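Asks: Here is what each chain is made of, one letter per residue.
Protein chains: 2
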Amino acid sequence: MPDTVSPPEAYPVTERNKVRRLHERGRYDHASVHAILDAAMICHIAYIIDGQPYCTPTAFWREGEHLYWHGSSASRMLRKQKAGIPVCLTVTHLDSLVLARCGFNHSVDYRSAMCFGEAYFVEDPAEKARALDVMINRFYPDRAATLRPSTGQELKATTVIGMRIEQASGKIRSKGVADEEEDYALPIYAARFPVRQVIGAAEPCPRMPAGVATPDGLAGFAEGRRLDEILLESQHRLYGDE
Amino acid sequence: MPDTVSPPEAYPVTERNKVRRLHERGRYDHASVHAILDAAMICHIAYIIDGQPYCTPTAFWREGEHLYWHGSSASRMLRKQKAGIPVCLTVTHLDSLVLARCGFNHSVDYRSAMCFGEAYFVEDPAEKARALDVMINRFYPDRAATLRPSTGQELKATTVIGMRIEQASGKIRSKGVADEEEDYALPIYAARFPVRQVIGAAEPCPRMPAGVATPDGLAGFAEGRRLDEILLESQHRLYGDE
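Chains as they are written, first to last, in my numbering: chain A, 1 to 242; chain B, 1 to 242.
These are calculated hints, taken from the structure and not from any lab test. Keep in mind that this is a model prediction, so the values were computed, not measured. Don't take every hint at face value.
[What the hints assert, rightly or not] Below, simulated DSS-like cross-link-like pairs (lysine-lysine); rule was C-alpha separation at most 30 Å, straight line: (1) Lys175/A <-> Lys128/B; (2) Lys156/B <-> Lys175/A; (3) Lys18/A <-> Lys156/B; (4) Lys175/B <-> Lys156/A; (5) Lys128/A <-> Lys156/A; (6) Lys18/A <-> Lys128/B; (7) Lys175/B <-> Lys18/B; (8) Lys156/A <-> Lys18/A; (9) Lys128/A <-> Lys175/B; (10) Lys128/A <-> Lys18/B.
[Said to hold, decoys possible] If you only want the chain A side, here are some residues facing chain B, beta carbon under 8 Å, derived: (11) Gln52; (12) Thr92; (13) Asp95; (14) Gly103; (15) Gly162; (16) Val177; (17) Arg192; (18) Ile199; (19) Glu203; (20) Arg207.
[Unchecked claim] Ranges between beta-carbon positions, derived for each pair: (21) Arg20/B <-> Glu181/A: 34 to 42 Å; (22) Arg20/A <-> Asp124/B: 18 to 26 Å; (23) Leu186/B <-> Glu63/A: 22 to 30 Å; (24) Ala210/A <-> Glu233/B: 36 to 44 Å; (25) Glu242/A <-> Val212/B: 42 to 50 Å; (26) Asp29/A <-> Tyr239/B: 39 to 47 Å; (27) Ala210/A <-> Glu181/B: 13 to 21 Å; (28) Gly51/B <-> Val13/A: 14 to 22 Å; (29) Asp241/B <-> Gly240/A: 48 to 56 Å; (30) Ala83/B <-> His66/A: 51 to 59 Å; (31) Glu9/B <-> Pro209/A: 45 to 53 Å.
Note that CB positions come from ideal geometry on N, CA and C, so glycine has one too.
Next comes chain A alone, as it looks inside the complex (with noise of 0.2 Å):
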């Protein structure tokens, strides 16, 4: 008997999730969307409030096929419907600045995740407390033992939220320069900038007492380093490749 392969797990494409512009660049398996999630701490997230469409920063973390973050001001259309309500959750990572020979073809090289679904709130406490032990664990390996625990009252004034993924895209570009066939032996000049978001070195509290040692779980937050590579090891140290 053959070995059999399956096919890569993927996101159902719909009108909804389809990448209309430069549709080459889409990507709608499981594991080239998770990579551009998880090499993210920040998302945006689209929300309809009484007919306004709002867009908020906030830091999320993926667990499977869930995305969770807190207390958003989403929380206030949740509050008023108790059912879930639609939500885009996007994350992009700029990789470059590209630089044509003509307007029309300069661009960035970029890594960009789009996710549908609808957001709930995580109301369980102790489902609550666990996810926000996760979230610490996520970003700074093996961290949230070692801090002092949450108290109830933290606990009651977090908000957590979640969501099914139910459909999602990803969109690559990293092609650099292209211009047209004919332009190249225009005089003109044309480079592609490199672009990565990185930490600096460290700056310890000065308030902590003598002889507290950085954490082994912090040996990756090294200065200079990318920080998307960062998350995507603490992210495969608590999830593996899940």
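Go by the hints and put chain B onto chain A.
Replies: Okay, now just chain B, sitting in the frame of chain A:
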């Protein structure tokens, strides 16, 4: 007669743009909001199609109280409905990761701005051509005049969308670690990790003819510089302090 000082110009505050969570971080004056916008190239735009919110990343630029971008899928909605459509355009800069002594006080330092208005097509061909030149020069000083001119076909294929900022709010956190007074003495590692977006060394297109020099206008694009600082300089070079 005493000198009079005008109060700084500010956006009107209503339910739509009032900063709710952590309202002490809110800013409504034009100068604060513009400074956040002008330090960015990429924004996220929320809009509604058939009751579904979408959140799309795109390059944008500011000219006075108008914002412009091109070719987002908001075009789909605009095409259906001739009148302006409500949008929310948001810019976010992540400035640091803040690791506190309890989960609740973990945070990030950031600058963000949300702008509300109605999107419309820039349809006049001359205005469109000018807008695209401005876009190039706003990011890359004096560059538009050095390029191969746009063809009629290219202009036709480009959609330029504009909006007047009706209302906006900025939000800034920059205080680093801030713990409960009684937690500072605990033997827990706490620190701030600065985050910055930087550009790398230019990668000139290998197909340039010999002898094409780097234009003077790109002198600010030096390896390792912060992109937000470069973009703010470019904006001021074109528009001064407007």
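Asks: Work down the list of hints and note, for each, if the structure agrees.
Replies: The hints, checked one at a time:
With a C-alpha separation of about 27 Å, the suggested pair lysine 175/A and lysine 128/B falls inside the 30 Å cut-off, and the hint holds. Distance check on the hinted pair: lysine 156/B and lysine 175/A sit about 24 Å apart at the alpha-carbon level, within 30 Å; holds. Our distance criterion of 30 Å between C-alpha atoms is met by lysine 18/A and lysine 156/B, whose separation comes to about 24 Å. Under the criterion of a C-alpha separation no larger than 30 Å, the hint pairing lysine 175/B with lysine 156/A is consistent with the structure, at around 24 Å.
Simply put, lysine 128/A and lysine 156/A have alpha-carbon atoms about 9 Å apart, close enough for the 30 Å limit, and the pair holds. In summary, the hint linking lysine 18/A to lysine 128/B is supported, as the alpha carbons are separated by about 28 Å, within the 30 Å threshold. Distance hint between lysine 175/B and lysine 18/B is fulfilled; the C-alpha atoms sit about 22 Å from each other, no more than 30 Å. Taking the CA atoms of lysine 156/A and lysine 18/A, the gap is near 39 Å; set against the 30 Å cutoff, the hint is violated.
This hinted pair checks out: lysine 128/A and lysine 175/B have alpha carbons roughly 27 Å apart, not beyond 30 Å. The hinted pair formed by lysine 128/A and lysine 18/B meets the criterion: a straight-line CA distance of about 28 Å does not exceed 30 Å. The beta carbon of glutamine 52/A comes within 6 Å of a beta carbon in chain B, closer than 8 Å, and the hint placing it at the interface holds. Hint status for threonine 92/A relative to chain B: holds, with the closest Cβ pair at about 4 Å, below 8 Å.
Checking aspartate 95/A against chain B by beta carbon gives a least distance of about 10 Å; that is not within 8 Å, so the hint is violated. Because the closest C-beta pair between glycine 103/A and chain B is about 5 Å apart, less than 8 Å, the hint holds. Residue-level restraint check for glycine 162/A is violated (minimum Cβ-Cβ distance to chain B is 17 Å; threshold 8 Å). Given hint, valine 177/A at the interface with chain B, holds; its Cβ is 4 Å from that chain's nearest Cβ, closer than 8 Å.
Given hint, arginine 192/A at the interface with chain B, holds; its Cβ is 4 Å from that chain's nearest Cβ, closer than 8 Å. This hint holds: isoleucine 199/A has a C-beta 5 Å from the nearest C-beta of chain B, less than the 8 Å allowed. Hint on glutamate 203/A holds. Least Cβ distance to chain B is approximately 5 Å, under the 8 Å limit. Checking arginine 207/A against chain B by beta carbon gives a least distance of about 4 Å; that is within 8 Å, so the hint holds.
Between arginine 20/B and glutamate 181/A the Cβ separation comes to about 53 Å, which falls outside the hinted range of 34 to 42 Å. The supplied range of 18 to 26 Å is met by arginine 20/A and aspartate 124/B, whose beta-carbon atoms lie about 25 Å from each other. Range check, leucine 186/B to glutamate 63/A: Cβ separation about 29 Å, and the 22 to 30 Å hint holds. The hint said 36 to 44 Å for the Cβ distance between alanine 210/A and glutamate 233/B, and at roughly 43 Å that hint holds.
About 49 Å separates the C-beta atoms of glutamate 242/A and valine 212/B, a value consistent with the hinted range of 42 to 50 Å. Aspartate 29/A and tyrosine 239/B have their C-beta atoms about 43 Å apart, which keeps the hinted 39 to 47 Å range intact. Checking the proposed 13 to 21 Å range against alanine 210/A and glutamate 181/B shows it holds: the Cβ atoms sit about 19 Å from each other. Distance hint check for glycine 51/B and valine 13/A: the Cβ-Cβ separation is about 20 Å, which falls inside the suggested range of 14 to 22 Å.
A C-beta distance of roughly 52 Å is found between aspartate 241/B and glycine 240/A, which places it inside the suggested range of 48 to 56 Å. At roughly 38 Å, the beta-carbon separation of alanine 83/B and histidine 66/A lies outside the given 51 to 59 Å, and the hint is violated. At about 48 Å, the CB distance of glutamate 9/B to proline 209/A agrees with the hint of 45 to 53 Å.
Of the numbered hints given earlier, the model fails hints 8, 13, 15, 21, 30; all others are met.
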